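Top to bottom, those sequences are chains S and C.
Heads up, the first sequence is in this note's numbering, so the first residue is 1119 and it goes up one at a time.
Heads up, the second sequence is in this note's numbering, so the first residue is 1119 and it goes up one at a time.
In case anyone wonders, no lab produced these hints; they're calculated from the structure.
Computed from a predicted model, the values in this text were never measured in an experiment.
A portion of the hints provided could be inaccurate.
Any copy, or any two copies together, can satisfy a pair, since identical chains are not distinguished.
Each computed SDA-like pair below joins lysine to any residue, with the alpha-carbon atoms no more than 25 Å apart [said to hold, decoys possible]:
1. K1161 x G1216
2. K1161 x S1259
3. K1123 x G1216
4. K1123 x A1229
5. K1120 x A1231
Number of protein chains: 2
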Amino acid sequence: MKMGKGVEAAMHCCLVMHWLEGRPVTSAQLAEFFGLPPAYLQKTLRALVADGIAQAARGQSGGFVLARAAGAISLMDVVAAVEGRSPAFRCEEIRSAGRSGSLGARSGQCAVAHAMSRAEMAYRAALAAESIADIAERTGSVVRERTVATLV
Amino acid sequence: MKMGKGVEAAMHCCLVMHWLEGRPVTSAQLAEFFGLPPAYLQKTLRALVADGIAQAARGQSGGFVLARAAGAISLMDVVAAVEGRSPAFRCEEIRSAGRSGSLGARSGQCAVAHAMSRAEMAYRAALAAESIADIAERTGSVVRERTVATLV
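All chains, full assembly: derive it from the sequences and hints.
Structure follows, in structure tokens:
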């Protein structure tokens, strides 16, 4: 099971935007700050904007701010914005293919798909219970102060 | 987040081997049964054998049986055999790269990586709590009977 690298970058960008308290930060600044390619970060930020997590700052060129309070942005929101909402396990109804499918005794959801989906719900619930504000709270205040001093 | 299609096939193969109660089934039979390419299923079965979930039946050519009771094979075992054990979210320590890394105030595990890892543990725990025998129990007995009649 794999998750794209964009998720980590998106989480840290949200954390930085939260710390900047409405002062816009450009994708170029964030790219330099995290040592990431600007085009890559631009794409990640656009995904956050598309899902209403970040927004282009008014009257600024290329600057971004969080679109809502960090406490109202869950890690699941960020993962969904960057990775999409499709489940990791996609049931292809193998049981209904080939000779198996002609047995004619299948009904309702497959027990395999059901169990996989339940596990994924547990994963999503754990991510939904955690916000960017929670992450900020567990990150040292020295990091926050030095990040703000570097970017403002 | 994506999971390979092999997982679904592996789960259903385990279910079939469980129902066959030690009577070997070949990858060709399973491939025909589920309408899947034989080479694909052969690879999936080899992964199950490598992780001690299935084994080549003694004295048979190409037949497979479960290597242990279905109640002792969790869905997590099957996922791990087919997909590997790497976490979906891989922390690249973005916080320690670029200018961010030179701030010099980072210590311990990143709060983002920690939260992502906790969620993944919830996912794995849910899959570990569910066995192939549990799935079999929730699948109609008519399906089991017809599957056995078709494959024996």
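Verification of the supplied hints:
no.	hint	verdict
1	K1161 x G1216	between (42 Å within a copy, 19 Å between copies)
2	K1161 x S1259	neither (29 Å within a copy, 50 Å between copies)
3	K1123 x G1216	between (37 Å within a copy, 16 Å between copies)
4	K1123 x A1229	between (32 Å within a copy, 16 Å between copies)
5	K1120 x A1231	both (19 Å within a copy, 15 Å between copies)
In the structure shown, a violation is registered for the earlier hint numbered 2 alone.
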